[in-house]
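Sequences listed follow chains A and L, in order.
Just so we're aligned: the first sequence equals residues 1 to 251 in full-length UniProt numbering.
Just so we're aligned: the second sequence equals residues 1 to 422 in full-length UniProt numbering.
The set of hints was computed from the structure by calculation and includes no laboratory data.
Certain hints may be false.
[To be verified] Distance condition first, Cα-Cα at most 25 Å in a straight line; then the derived BS3-like pairs of lysine-lysine: (1) L:346 with L:329; (2) A:124 with A:141; (3) A:42 with A:228; (4) L:240 with L:184; (5) L:45 with L:184; (6) L:383 with A:118; (7) L:383 with A:110; (8) A:102 with L:251; (9) A:27 with A:42.
[Unchecked claim] In silico contact screen, one side only, chain L against chain A (beta carbon under 10 Å); selected entries: (10) 26; (11) 99; (12) 369; (13) 377; (14) 381; (15) 382; (16) 391; (17) 393; (18) 394; (19) 396; (20) 399.
[Said to hold, decoys possible] Not close to chain A: a few residues of chain L, all C-beta gaps over 12 Å, as computed: (21) 100; (22) 101; (23) 105; (24) 153; (25) 307; (26) 324; (27) 398.
Note that CB positions come from ideal geometry on N, CA and C, so glycine has one too.
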Amino acid sequence: MLEIKNLHARIAESGVEIIRGLNLTVKAGEVAAIMGPNGSGKSTLSYILAGRPDYEVTEGEILYNGESILEMDPAERAAAGIFLAFQYPMEIPGVATMEFLKVAMNAQRKARGEEPLKIPELIKRVKEEAGLLSMDMAMLKRPLNVGFSGGEKKRAEILQMKLLQPNLCVLDETDSGLDIDALKIVSDGVNALRSPDRAIVVITHYQRLLEHIVPDSVHVLYKGQVIKSGDKSLAFELEENGYAGIIEEAA
Amino acid sequence: MNMHATPQRTAAETALIDAFGERLSLLPGDGEVMVKRDDAIEALKAGLPTKRIESWHYTDLRRLLTSVPAHDGAVQAKAIAPLLEGSTVLSALNGATAGKLPSIEGVTVQSLAEKLTDGSFAPALDPYGFDDAIGALNTAFVADGYFVDIADGTEPETPLELQNVQAGGQTHMRFPVRVGTGAKATIVERQTGEGAALVSSVSQLVLGDDAEVLWLIVQEQPDTATHLAQFKAKLGKNSKLTLFLMNAGGKLVRQEIIVDAAGEGAVFTLRGINLLAGDTHTDVTMVLDHSVPHTSSTEVIRNVVTGKARGVFQGRINVAQYAQKTDAKMACNTLLLSDDGEFSAKPELEIFADDVQCGHGATVTEIDHNHLFYLMARGIDEKTARGLLVKAFVAEVIEELEVEPVVEALEALLDGWFQTHG
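Build out the structure end to end from the sequences listed, making use of the hints.
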């Protein structure tokens with residue numbers, strides 16, 4: 001589903017290269033974990049997949065279902081089924097959460113040639129999913145993410161993901177800022193989306209999240225490259241020995 | 001007003017002076033009122049204010065007011081549906097009060113023409129300080145309006161809507177409102193019409209002790225009209241005034257807001273939205289006096305500038321030496337969406353007391369690209385996402401009003417504006 005080949009990318013403004021020849025393949029049905037120390041390029045990779053204009057791809061290719069997405073803007077990528085759960089979801093004052101959900105869901109439906117959702121149907125679906133994430137409907141009456149705690153923001157991201165039903169889910173440090181109960185709720189939400197036609201990329205610094213969302217593959221990112229790939233046991237190894245050993249081994 | 005000699009009158013100045021000669025005998029008023037009118041036209045004869053007058057620096061009225069239409073009594077204006085459902089509507093159509101006066105318990109409504117004719121309104125026609133061009137213009141020509149008195153302790157069940165609907169020509173109206181001790185009311189002021197009119201409108205609010213008023217000014221003149229307006233208020237002890245202003249039209253607009261927080265414990269809140277498009281000029285000028293101790297105020301102005309529109313906000317806060325413990329905060333934020341548009345913000349704090357909290361800030365920004373990315377990352381195309389963010393920028397100020405029917409009605413106006421200008 002996702003093929004990244006020899007990707008090089010830099011920060012558009014400063015020209016600093018962050019991704020330096022990254023290769024990664026994630027198949028449909030697979031849950032891939034991307035781990036790595038701070039500054040290894042994990043978040044940058046997630047932004048590049050979503051099409052953030054602050055980064056420039058200088059070399060290489062990103063194929064999604066066999067087709068390049070590099071020329072697509074963020075909205076087109078989202079409509080094609082790519083979803084990024086942000087590490088730091090944006091607070092947007094003045095945009096009501098419900099209104100945002102309606103516009104987003106219907107924009108994607110429109111892009112796929114489907115009829116817009118009617119308000120009662122929309123509210124029903126939002127209620128259902130919010131309930132599963134133990135989110136209070138009163139929260140959704142507030143402006144988007146405004147005044148939400150760190151944990152509430154993460155839940156709101158997962159709520160959006162479940163409502164939008166993307167094909168490729170990229171979760172950027174979804175575990176940061178979550179207590180153990182919230183971590184369980186959020187993980188259950190992600191696990192509910194596991195399906196043979198969907199790929200999930202979980203970016204995390206710690207192994208903790210991977211106890212709840214068990215990955216099929218684990219990839220270690222360092223200095224903008226995948227330096228080691230393995231199965232879930234690689235995550236345990238990292239937890240035990242830290243990144244130093246693997247980095248040395250790769251050097 | 002303009003102390004410099006003006007060697008030659010502009011076409012607009014000549015037209016105003018000629019119009020006064022023609023209209024005077026038809027305007028209501030006793031001897032005293034006529035003297036005030038005469039003083040006012042004398043002030044205008046000295047010339048309309050230019051940019052050399054400090055308070056008119058960004059709105060050179062003499063240069064901007066290029067023509068003045070003649071009074072046209074034959075055209076008809078139609079009352080409009082009220083902003084808030086169920087409101088008691090007082091319509092002024094093409095410069096005259098129309099329809100039967102409502103009878104509401106505790107509320108006295110009179111036509112202003114009546115109060116001019118019997119002279120009882122004469123003292124209230126005094127100009128505000130120097131350079132009061134709008135006051136002078138209005139005093140010279142005011143033909144009618146509504147005088148509203150809300151008795152002590154009264155809380156009218158329905159909002160009151162004052163409609164000033166022009167149909168071209170000239171319209172000069174006044175809306176004096178007295179709200180008695182402990183009374184509570186919602187008042188909507190609509191300024192609209194369809195003609196290339198010259199409109200002057202003055203609202204005068206006297207707020208009794210412990211009174212509470214939400215006053216909404218909605219200005220939606222066509223882009224052919226000149227709209228010169230004044231809102232003056234005097235706040236009693238522990239009274240609360242929330243003034244909401246929305247400018248969403250007009251070719252040349254100046255809205256002055258002159259507030260005297262004259263009673264201890266008075267709270268003044270100003271929230272304003274300027275939606276500016278086309279080749280237009282809109283000026284909001286506020287002068288707020290904190291005259292006594294323990295008064296507070298906050299002012300937030302949000303502007304959206306598109307096309308070749310020019311906007312101005314001048315906010316002057318005077319804190320008297322005796323007015324200790326004043327708390328005043330002012331902000332003016334502009335979203336500039338066009339390279340040809342401009343906005344000038346001039347906050348001024350003049351503080352003579354030493355134990356106060358006063359602050360101001362002005363920003364001019366473009367759309368936050370992080371916000372834009374977030375919305376687009378959820379599949380919302382760029383144009384829609386930008387629209388959402390622009391609307392959000394101003395809607396925030398509306399949501400603060402917290403009264404649901406008011407918020408809904410104003411957001412509907414906002415949607416309407418964005419549909420036409422987005």
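Structure-based check of each hint:
no.: 1; hint: L:346 with L:329; result: holds (14 Å)
no.: 2; hint: A:124 with A:141; result: holds (15 Å)
no.: 3; hint: A:42 with A:228; result: holds (14 Å)
no.: 4; hint: L:240 with L:184; result: holds (9 Å)
no.: 5; hint: L:45 with L:184; result: violated (41 Å)
no.: 6; hint: L:383 with A:118; result: holds (22 Å)
no.: 7; hint: L:383 with A:110; result: holds (15 Å)
no.: 8; hint: A:102 with L:251; result: violated (36 Å)
no.: 9; hint: A:27 with A:42; result: holds (19 Å)
no.: 10; hint: 26; result: violated (49 Å)
no.: 11; hint: 99; result: violated (38 Å)
no.: 12; hint: 369; result: holds (7 Å)
no.: 13; hint: 377; result: holds (5 Å)
no.: 14; hint: 381; result: holds (5 Å)
no.: 15; hint: 382; result: holds (6 Å)
no.: 16; hint: 391; result: holds (7 Å)
no.: 17; hint: 393; result: holds (6 Å)
no.: 18; hint: 394; result: holds (8 Å)
no.: 19; hint: 396; result: holds (4 Å)
no.: 20; hint: 399; result: holds (7 Å)
no.: 21; hint: 100; result: holds (41 Å)
no.: 22; hint: 101; result: holds (40 Å)
no.: 23; hint: 105; result: holds (36 Å)
no.: 24; hint: 153; result: holds (35 Å)
no.: 25; hint: 307; result: holds (22 Å)
no.: 26; hint: 324; result: holds (34 Å)
no.: 27; hint: 398; result: violated (9 Å)
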